[in-house]
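Q: Make a model of the complete structure from these sequences and hints.
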Amino acid sequence: MSAIFSLIRRDLALAWRRASEIVAVLIFFVLAIVLFPLGVGPDLAVLSRIAAGTIWVAALLAAMLSLDRLFLPDHDDGSLDLLMASPLSLEAIVLAKCCAHWLVTGLPLIVCAPVLAILMNLPWEGFATLVLAMALGTPTLSLVGAIGAALTVGVRRGGTLVPLLVLPLVIPVLIFGVGAVDGAVAGASVSGQLMILAAALLVALVLAPFAAAAGLRLAAE
Amino acid sequence: MFAGLGFSLGSGEALVLRGPNGSGKSSLLRLLAGLLRREAGTLTWNGEDVDDDREAWRVVFAFAGHADAVKPLLTVRENISFWAEIAGAGTARVSDALARFAIAPLAEVPARFLSAGQRRRTGLARLVAAPRTLWLLDEPSVGLDADATESFAALMAEHRAGGGMIIAATHIELGLDDATNLVLG
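From first to last, the protein sequence lines are chains A and B.
The numbering of the first sequence is my numbering, which starts it at 1 and goes up by one.
The numbering of the second sequence is my numbering, which starts it at 1 and goes up by one.
Since the hints were made in silico from the structure, they are not lab data.
Warning: the hint list may mix true and false statements.
[What the hints assert, rightly or not] Okay, the calculated beta carbon distance ranges per label pair:
| hint | chain 1 | residue 1 | chain 2 | residue 2 | range |
| --- | --- | --- | --- | --- | --- |
| 1 | B | E48 | A | R9 | 30 to 36 Å |
| 2 | A | L202 | B | G162 | 47 to 53 Å |
| 3 | A | L202 | B | N181 | 35 to 41 Å |
| 4 | A | R9 | B | S115 | 24 to 30 Å |
| 5 | B | G12 | A | L205 | 53 to 59 Å |
[Said to hold, decoys possible] To spell it out: a stretch of chain A is covered by chain B in this simulated footprint if at least three of its residues, at any positions, have a beta carbon under 8 Å from a beta carbon of chain B; those stretches are:
| hint | stretch |
| --- | --- |
| 6 | 44-50 |
| 7 | 81-90 |
[Said to hold, decoys possible] Facing chain B, according to a computed beta carbon distance under 7 Å, are these residues of chain A, among others:
| hint | residue |
| --- | --- |
| 8 | A3 |
| 9 | A19 |
| 10 | R69 |
| 11 | H75 |
| 12 | D77 |
| 13 | G78 |
All values reported here derive from a predicted model rather than from experimental measurement.
All residues carry an ideal CB built from backbone N, CA and C; glycine is no exception.
A: What follows is the structure in structure tokens.
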């Protein structure tokens, strides 16, 4: 168990010392949203109508940016071989790496989202739901993303394939994430959407480590 | 890749894999480490098929492949400590490992500043930091200078004297006395 925490700690230390990668994800997220009011014009009604969708789409694409770095550095320098030959189970290794990935990308996105929501004139009623929905949705992005990252780890320039593999699988997260925020703004009950997001997270939590581990085993051969 | 291969290793023994490039020395080591699947045949440890209990098998051996698995952004000590913790050995022997490979003065230096030989020593230091019975070594001497090769030979002799086993792929003499040779290809 402590070995798993050392792996998370190492990944966090590596991310911290290569902070430019985390910052690049956040800058993409912020810029994509900042450009929207300039693109569609300053009509506040239009902005608040598209706020939830814009924030979610930008978050989804920002999360894709860092995915190809999830396993590739470890694959290239031989660390992945050693991890696979270690007493840890590969599924646990995948889970630990997803956890670290979410802490350095998903969590900062959640922290930034309310600020950007102000910029997009999201009505106040939607703020809490936006944060809650992103807290449930972004871990799913990391977990499902790990499958795509694992499948492309042995492929030359596989990084470009990752979004193509992963985005179709996470569209439900986008639809119900936006649905929850829009519902909250309209004053409707959003427990249904949030529960579906939670269910998607649980399914990903159970299945993604096995799928990604299988992908990594293939890549090692 | 290969067929009709058979060997066994007793306590304190060493096996040296020889053969031209591409003859499957590295593949055999990866196969022993469980990174490649066997199409046929069995691999047993103390009479037990290793496929029956892979977790138990993985605490028997230490694998040192081509790549050193050294992270440039971590210091030498952090790199060695990390692998010792992953192996479940704790960090008690890390200082010992640093001393054995003469990299103690570099302990707090980020690994990106190391030379190829120093990086290789950092990678090999895992063998001391997390003791294992069987060492699977793929060209361990690549990048090591004469002194380091000699002290690594002494370390291997010590390991075998303590009942350890070594399977090494190599082109040059590693200083493994009375090792069995297995010629591939």
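Q: Now tell me if each hint is right for this structure.
A: Going through the hints against the structure:
no. : hint                          : verdict
1   : E48/B <-> R9/A: 30 to 36 Å    : holds (34 Å)
2   : L202/A <-> G162/B: 47 to 53 Å : holds (48 Å)
3   : L202/A <-> N181/B: 35 to 41 Å : violated (54 Å)
4   : R9/A <-> S115/B: 24 to 30 Å   : holds (27 Å)
5   : G12/B <-> L205/A: 53 to 59 Å  : violated (46 Å)
6   : 44-50                         : violated (count 0)
7   : 81-90                         : holds (count 9)
8   : A3                            : holds (5 Å)
9   : A19                           : violated (11 Å)
10  : R69                           : violated (13 Å)
11  : H75                           : violated (10 Å)
12  : D77                           : holds (6 Å)
13  : G78                           : holds (3 Å)
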